[in-house]
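Read off the chains here:
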Amino acid sequence: MMTPLAINWSHVWMVTGLGFCMVILLLVVLIFILKLLGAVVSNAVKAPKAAEPKAAISAPAAQAAPASVKASADDDLAAIAMALHLYFNGVHDVEPTEIHIKRVERSGWNSKLYGMNNLHR
Amino acid sequence: MGDILEFFDQMGFMNISLQQVIMLLLSFFLLFLAIKKQYEPLLLLPIAFGMLLTNLPGANMYHSELWTAFLDANSPAYHSYGTIMREGGLLDILYIGVKAGVYPCLIFMGVGAMTDFGPLIANPKSLLLGAAAQLGIFLTFLAANSMGFTEAQAGSIGIIGGADGPTSIFLTSKLAPELLGPIAIAAYSYMALVPVIQPPIMRALTTKKERAIKMSQLRPVSKTEKIIFPIAITTIVALILPDAAPLIGCLMLGNLAKECGVVDRLSKTMQNELMNIVVIFLGLTVGATATASSFLDWSTIKIMVMGVVAFGCGTAGGILLAKLMNVFSKEKINPLIGSAGVSAVPMAARVSQQVGQEENPSNFLLMHAMGPNVAGVIGSAVAAGILLTMLG
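Line order of the protein sequences matches chains H and Z. In this text, residue positions in the first sequence follow the working numbering: the first is 1, and each later residue adds one. In this text, residue positions in the second sequence follow the working numbering: the first is 1, and each later residue adds one.
Bear in mind the hints are in silico, worked out from the structure with no lab data behind them. Wrong hints could be hidden among the right ones.
As the list claims (entries may be wrong) - 25 Å max Cα-Cα, derived SDA-like pairs, lysine to any residue:
1) Z/K99 - Z/L296
2) Z/K99 - Z/K332
3) Z/K330 - H/T16
4) Z/K323 - H/T16
5) Z/K330 - H/G38
6) Z/K214 - H/V45
7) Z/K174 - H/G38
8) Z/K332 - H/T16
9) Z/K174 - H/M14
10) Z/K174 - Z/P242
11) Z/K226 - H/M14
12) Z/K99 - Z/Q38
13) H/K35 - H/T16
14) Z/K226 - Z/I213
15) Z/K302 - H/T16
16) Z/K332 - H/V45
17) H/K35 - Z/K99
18) Z/K323 - H/F88
19) Z/K125 - H/V45
20) H/K46 - Z/K174
Said to hold, decoys possible - If you want the footprint, here are the derived chain Z segments under chain H, 3+ residues with CB under 8 Å:
21) 17 to 31
22) 218 to 228
23) 234 to 248
24) 268 to 276
25) 334 to 346
Stated by the list, open to error - Between beta-carbon pairs, the in silico distance windows are:
26) Z/S216 - H/T97: 24 to 30 Å
27) H/I101 - Z/D116: 40 to 46 Å
28) Z/I236 - H/A81: 36 to 42 Å
29) H/N8 - Z/R203: 25 to 31 Å
30) Z/L25 - H/N8: 36 to 42 Å
31) H/A78 - Z/M304: 32 to 38 Å
32) H/C21 - Z/G392: 24 to 30 Å
Quantities reported herein were computed from a predicted structural model and do not represent experimental measurements. Think of the CB as a built atom: it goes at the ideal place given N, C-alpha and C, for glycine as much as any other residue.
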């Protein structure tokens, strides 16, 4: 299966070094493109918001909004983290495996059923 | 009486060789791993069954000699698919899809339709980790050369380190088709063993403090970014590296179909029906190449050993680069996500999550690890394109 040929080590080292560097280089290029893409898209999203009249938002509301948003985000994160923690640790309500039959007392609510059983005896 | 004797002579039992018996036992073992242990069953099961079918004497479903003639420039059957169609068996005909590099690309289309590149778009630096994890490919290429393989064979063996089955098959079918069986089996076996191979390396290369690092939440990614991403990546990568275009192009076509939201039917077909059909054909035919004569060879054992080395080096490469990035970066990243740079989606990311939670149960690394994980898919396809350009 293998062909016993003299190894051209200079070419092998060239392929190893150049090949790995090219992978890194190409992916670094992609990093810049993705960052550029992110910046362009986020600017495009912000632009219409910036065009809205600032007077429409009252000053106290504008100041209060970030704090409340942050607080609700923290609450959400805490709830998600707790749910995941409970899920991964298998901590949940333990159901009792015993079944109890409660003796039924006579009352106006079950008198009809009781009477039907009596007829069969 | 003569007819009865002829019938007995034609029975597989009368013609089976010891090597074929060994291959049949090996296929039973792989079927056991697929069914009982569930090691990558979707691929290992058809591969093992293909191996079973090809080693049954007299079944004539796959003819390795036809494919040897297909590659022999002096043979009248050189590059003649007509000869294959005329004289080949069922598996020979299905194998044309591997030989022409069709199946791996179609599988990549399905992979793209199932992958969310959001974590990568949110944190583009993940691409660096995906690139560093390709170190295993090139170090193994070097090692395979020193063990007597040709450069083309060494490149095909090295690509196992990319932990990406379709990419391994794509490159090997182009560079060293004679090694396709052992390389595909090594690639898929080790992908299934990612949870066994990676954790010891991850623990050895990181401190407890590093493993407990919590990372900040990823920014939300808009739909527009997700739509532009596959188009931009395909254009840039294909213009820089045309040989990577089939794999990257199909991966990104699948992803675009998923993200654009206007071709749900196509996206679902890519994810399910198309993917499943191609997996059956690919698995069966790749398994069929593992004939006794090509598989029971010292080179197979060497490939298996170097496959582990490739995986280990890839894992180490990602972790070490993550540690290096921590030296220069203000915002610390957990080095465990570096190991997810070997593609093996999403198993490698899950391993990062599990090892991270061993140190800090409230640490959720999964989404952070998905970034390098999907970057590894792009990285291994790019590495395959580079090897194809340099060695093809």
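These are the hints, each one checked on the structure:
As the CA atoms of Z/K99 and Z/L296 are separated by approximately 22 Å, the hinted pair is consistent with the 25 Å bound. About 45 Å separates the Cα atoms of Z/K99 and Z/K332, which puts this hinted pair outside 25 Å; it is violated. Taken as a hint, the Z/K330 and H/T16 pair is broken in the structure, with Cα atoms around 32 Å apart against an allowance of 25 Å. At most 25 Å may separate the alpha-carbon atoms for a hinted pair to count; Z/K323 and H/T16 meet this at roughly 23 Å.
Restraint check for Z/K330 and H/G38: the C-alpha separation of about 21 Å stays at or below 25 Å, so the hint holds. This hinted pair does not check out: Z/K214 and H/V45 have alpha carbons roughly 30 Å apart, beyond 25 Å. Distance restraint check for Z/K174 and H/G38: the Cα-Cα separation of roughly 37 Å exceeds the 25 Å cut-off, and the hinted pair is therefore not satisfied. Proximity of Z/K332 to H/T16 is assessed by CA-CA distance (about 30 Å); at most 25 Å being required, the pair is judged violated.
Between Z/K174 and H/M14, the direct Cα distance comes to roughly 21 Å. Compliance with the 25 Å bound is thereby established for this hinted pair. A hinted pair counts as satisfied when its Cα atoms are at most 25 Å apart, and Z/K174 with Z/P242 qualifies at roughly 15 Å. Of the pairs offered as hints, the one joining Z/K226 and H/M14 is violated, with about 36 Å between alpha carbons and a cut-off of 25 Å exceeded. Taking the CA atoms of Z/K99 and Z/Q38, the gap is near 28 Å; set against the 25 Å cutoff, the hint is violated.
For the hint linking H/K35 to H/T16, the alpha-carbon distance of about 29 Å lies beyond 25 Å, and the restraint is violated. Pair hint Z/K226 plus Z/I213 does not hold up; C-alpha atoms about 28 Å apart against a cutoff of 25 Å. For the given pair, Z/K302 sits about 20 Å from H/T16 by alpha-carbon distance, which is consistent with the 25 Å threshold. Taking the CA atoms of Z/K332 and H/V45, the gap is about 29 Å. The hint is violated against a cut of 25 Å.
Proposed proximity of H/K35 and Z/K99 is contradicted: the alpha carbons are some 38 Å apart, above 25 Å. Between the alpha carbons of Z/K323 and H/F88 the distance comes to roughly 28 Å, so the proposed pair goes past 25 Å and is violated. For the given pair, Z/K125 sits about 23 Å from H/V45 by alpha-carbon distance, which is consistent with the 25 Å threshold. Restraint check for H/K46 and Z/K174: the C-alpha separation of about 48 Å exceeds 25 Å, so the hint is violated.
With 0 residues carrying a beta carbon less than 8 Å from a beta carbon of chain H, the segment 17 to 31 of chain Z misses the three-residue requirement, and the given coverage is violated. With 4 residues having a beta carbon nearer than 8 Å to a beta carbon of chain H, the segment 218 to 228 of chain Z meets the requirement of three or more and the stated coverage holds. Note: the segment 234 to 248 of chain Z has 4 residues with beta-carbon separation from chain H under 8 Å; the three-residue rule is met and the coverage holds. Under a criterion of three residues with beta carbons nearer than 8 Å to beta carbons of chain H, the stated coverage of the segment 268 to 276 of chain Z fails, only 0 such residues being counted.
Three residues within the 8 Å Cβ limit are the bar, and the segment 334 to 346 of chain Z against chain H gives 0, so the coverage statement is violated. For Z/S216 and H/T97, the Cβ-Cβ distance of about 44 Å falls outside the hinted range of 24 to 30 Å, so the restraint is violated. Our hint of 40 to 46 Å for H/I101 and Z/D116 is violated, since their Cβ atoms are close to 52 Å apart. Range check, Z/I236 to H/A81: Cβ separation about 38 Å, and the 36 to 42 Å hint holds.
Evaluation of the 25 to 31 Å hint for H/N8 and Z/R203 yields a failure: the beta carbon distance comes to about 39 Å. For Z/L25 and H/N8, the Cβ-Cβ distance of about 40 Å falls inside the hinted range of 36 to 42 Å, so the restraint holds. Under the hint 32 to 38 Å, the C-beta atoms of H/A78 and Z/M304, about 48 Å apart, miss the expected range. Range check, H/C21 to Z/G392: about 19 Å between beta-carbon atoms, so the 24 to 30 Å window is missed.
In this structure, the earlier hints numbered 2, 3, 6, 7, 8, 11, 12, 13, 14, 16, 17, 18, 20, 21, 24, 25, 26, 27, 29, 31 and 32 are contradicted, and the remaining ones agree with it.
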